[in-house]
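Take a look at the letters that make up each chain.
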Amino acid sequence: DAGVIQSPRHEVTEMGQEVTLRCKPISGHDYLFWYRQTMMRGLELLIYFNNNVPIDDSGMPEDRFSAKMPNASFSTLKIQPSEPRDSAVYFCASSSTRNTEAFFGQGTRLTVV
Amino acid sequence: RKEVEQDPGPFNVPEGATVAFNCTYSNSASQSFFWYRQDCRKEPKLLMSVYSSGNEDGRFTAQLNRASQYISLLIRDSKLSDSATYLCVVKGGTGRRALTFGSGTRLQVQP
Chain W
1 DAGVIQSPRH
11 EVTEMGQEVT
21 LRCKPISGHD
31 YLFWYRQTMM
41 RGLELLIYFN
51 NNVPIDDSGM
61 PEDRFSAKMP
71 NASFSTLKIQ
81 PSEPRDSAVY
91 FCASSSTRNT
101 EAFFGQGTRL
111 TVV
Chain B
1001 RKEVEQDPGP
1011 FNVPEGATVA
1021 FNCTYSNSAS
1031 QSFFWYRQDC
1041 RKEPKLLMSV
1051 YSSGNEDGRF
1061 TAQLNRASQY
1071 ISLLIRDSKL
1081 SDSATYLCVV
1091 KGGTGRRALT
1101 FGSGTRLQVQ
1111 P
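Chains as they are written, first to last, in my numbering: chain W, 1 to 113; chain B, 1001 to 1111.
Heads up, a few of these hints could be off.
[Unchecked claim] Which residues of chain W face chain B? A partial, calculated answer using Cβ under 8 Å:
no., residue
1, Gly42
2, Leu43
3, Tyr48
4, Glu101
5, Ala102
6, Gly105
[Said to hold, decoys possible] For lysine to aspartate or glutamate, the following DMTMM-like pairs were computed, each having C-alpha atoms within a straight-line distance of at most 25 Å:
no., chain 1, residue 1, chain 2, residue 2
7, B, Lys1045, W, Glu44
8, B, Lys1042, W, Asp63
9, W, Lys68, W, Asp30
10, B, Lys1091, W, Glu18
11, B, Lys1091, W, Glu11
12, B, Lys1045, W, Glu18
13, B, Lys1002, W, Asp57
14, B, Lys1002, W, Asp30
15, B, Lys1045, W, Glu11
16, W, Lys68, W, Glu18
[As the list claims (entries may be wrong)] Restraint ranges, calculated between C-beta atoms of paired labels, are given here:
no., chain 1, residue 1, chain 2, residue 2, range
17, W, Pro84, B, Arg1041, 16 to 22 Å
18, W, Asn52, B, Asn1012, 44 to 50 Å
19, B, Gly1016, W, Asn71, 46 to 52 Å
20, W, Gly16, B, Gly1058, 49 to 55 Å
21, W, Arg41, B, Asn1027, 16 to 22 Å
What the hints contain is simulated information worked out from the structure, not anything from laboratory work. Backbone N, C-alpha and C fix where the C-beta goes; we use that ideal spot for every residue, glycine too.
Start from the sequences and build out the full structure, keeping to the hints where you can.
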């Protein structure tokens, strides 16, 4: 199994631009999580899905952030418009109902200038 | 107050030393507990689950005290390869599937 796959690995964008982060969970996993990691705040849960349905989006910072999961093998996290304070590493993780362990992708390092 | 609190460190220890990390959590309904390891500029990976009776995996021992809402990780005979950030992780109460992470404790094992 290839594990959780995220793209792009690195993204540099200008303030005000739209940014789309992508994630492919491990096949057969029915939970998908989006986390953000910064030095100041550590790893924060943004949103998670179960069977493609958003369950808890209370961690999404504001309306500029949106996430979708159109099918079991793909999810996106979109920031529009982006701001410098959005600069962070964004991780996607997946897990299955049978096992609480969450497997993380390698992350997308986002820099907004 | 953060849901999961850890001493950020860093802990600088010589090879062969024993080192202990502590963690407290605020949600008494939390059901599952873990230690994850994160290497520099890498993703977090599960190190071990933590059970009420305490559990051991080689040089690593994890303990849970539900009454005090306290979790610990003991590493014996530290190796250079143990250098990393150790994240205390809690899964919330019934129906809450997401993991809540502490900010991590950085360990640097020195030759």
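May I ask which of the numbered hints given earlier this structure violates, with the numbers listed in increasing order? 8, 10, 11, 12 and 14
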